[in-house]
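Participant: Full structure from sequences and hints, please.
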Amino acid sequence: MPRAYLVRKLKLVIFCCIVFILLYGGNILRQAIRDRKCSEEESKFLMDELCHNYSTHAAAGNMCPALCTSKKLKYNKCTNYRGGKKVLIAQCDGVCKESSTVKAVIKSKHPKEEFRFEPLDLEKHANGSLTQMGYKMAHNIFKSMLDSQMLEERDKISDIFSFLWSLDVEQYKRENRELKSAEMTAMQNIWGLINQDEYLFMKVHQKQSFVPKMYGTCGFYYVMEYAPPGDILDPQFFSGSGSSFEERAKIAIDILDIVQSLDYGFYEPVHMCDVKAENFGIGEDQQVKILDSDSLFFHTSMMKNLAQPSCTNHDDCDFFDCRGWCELETGKCTKQRSNNNLQTVCEDILIDKPTNFYAGLLHNPPSEFKEELMPLLEECAYPAHSKGIVRKPTSDDVYWKLHNLLKRIMRES
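For the sequence shown, UniProt numbering begins at 1 and goes up steadily by one.
No wet-lab data here; the hints were simulated from the structure.
Any given hint could turn out to be false.
Below 20 Å or equal to it, Euclidean Cα-Cα: the simulated EDC-like pairs (lysine to aspartate or glutamate) are [said to hold, decoys possible]: (1) Lys85 / Asp197; (2) Lys85 / Glu42; (3) Lys407 / Asp396; (4) Lys103 / Asp231; (5) Lys304 / Asp321; (6) Lys387 / Asp316; (7) Lys392 / Asp321; (8) Lys213 / Glu42; (9) Lys392 / Asp274.
Bear in mind the structure is a predicted one, so any value in this text is a computation, not a measurement.
Facilitator: Here is the structure:
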């Protein structure tokens, strides 16, 4: 056997080994970053601290008795901390869902760490109860927070305080009439919750099918439906999800429906700026849910995020996956997003990407549909044959073509 042939063969083997090691090592690093596990000891301490605050009437909410007294809401384990947010898994026995034991998620940005917000400074009487002026101040401040969520029927809400909380404020005051500070306790608890972007969005928009169900609150913590990504949206390296194309197509359609809702289902468009498959999960109703709404921004807010004071290139104007545009002549970022939600979803979730460790959600379609689907996905992810960082929006026409094709594949497969 010629020596040159053996050398080429050896080089190929070495190259394949290096690629494998890089991919595997990169995946291990990725897993380590994603799975920065919280401390069980710390998580239990946080729950003990919360229950102490409940016993001293500093924390309140409809879930406090279940968490601290009856133990029907019981801490199970902690999961990764993301951006300072504590995410804990609990078992909920007959409280979250009547006559059923289900998993639930307890979340909060803990106030002693990264979570900072302006204190609620309201006018009070000497005994700690709110004055009429203090109550009015709280109402105006909370109404402003509610208005930021662009809820069309917000003017029909008669009791803003109770709407934003998990308890009826007037009933809470009556049940705790011996506490002069009961009203202030309620205000402080609501204030700590609505200063968390995710809580505010999900509480206000509970009618949206893609929002996980909110079970309630205790102090600055909120309890939500457990909707894990599962193996389809968050597959393990090399092993994959083992799911059929029809299962993945169903999830893709749900995600496309979410895109349509965000673009057209609110008073103004909502931008997704951190798009990845594991930020979606499957709820109890088998519908796809958004798990991390911290990266959702209404259009008015998004334009402020994109309006950086100066720029020398387009990258300077980007806000994560929401890509901006630099007017190079003036050195100023324009108040506009150059791509859109659909483009980002197609590029980062639906289509294969060489830079990803995993295949796109719509990989390996049925052979009879491959020639029709793959060019459509390319057009969706890279409109007008864009190269590099995409700064073009994908059209609604592509959305409907893709949506209808996936529906047809599911019918005919």
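Participant: Compare the structure with each hint and give your call.
Facilitator: These are the hints, each one checked on the structure:
Distance hint between Lys85 and Asp197 is fulfilled; the C-alpha atoms sit about 11 Å from each other, no more than 20 Å. Distance check on the hinted pair: Lys85 and Glu42 sit about 13 Å apart at the alpha-carbon level, within 20 Å; holds. Only pairs whose Cα atoms come within 20 Å are accepted, and Lys407 paired with Asp396 is accepted, the gap being roughly 16 Å. Between Lys103 and Asp231, the direct Cα distance comes to roughly 18 Å. Compliance with the 20 Å bound is thereby established for this hinted pair.
Taking the CA atoms of Lys304 and Asp321, the gap is near 15 Å; set against the 20 Å cutoff, the hint holds. Only pairs whose Cα atoms come within 20 Å are accepted, and Lys387 paired with Asp316 is accepted, the gap being roughly 18 Å. Annotation: proposed proximity of Lys392 to Asp321 holds, straight-line Cα distance about 12 Å (limit 20 Å). A hinted pair counts as satisfied when its Cα atoms are at most 20 Å apart, and Lys213 with Glu42 does not qualify at roughly 26 Å.
The hinted pair formed by Lys392 and Asp274 meets the criterion: a straight-line CA distance of about 17 Å does not exceed 20 Å.
The structure fails hint 8 only (numbered hints given earlier).
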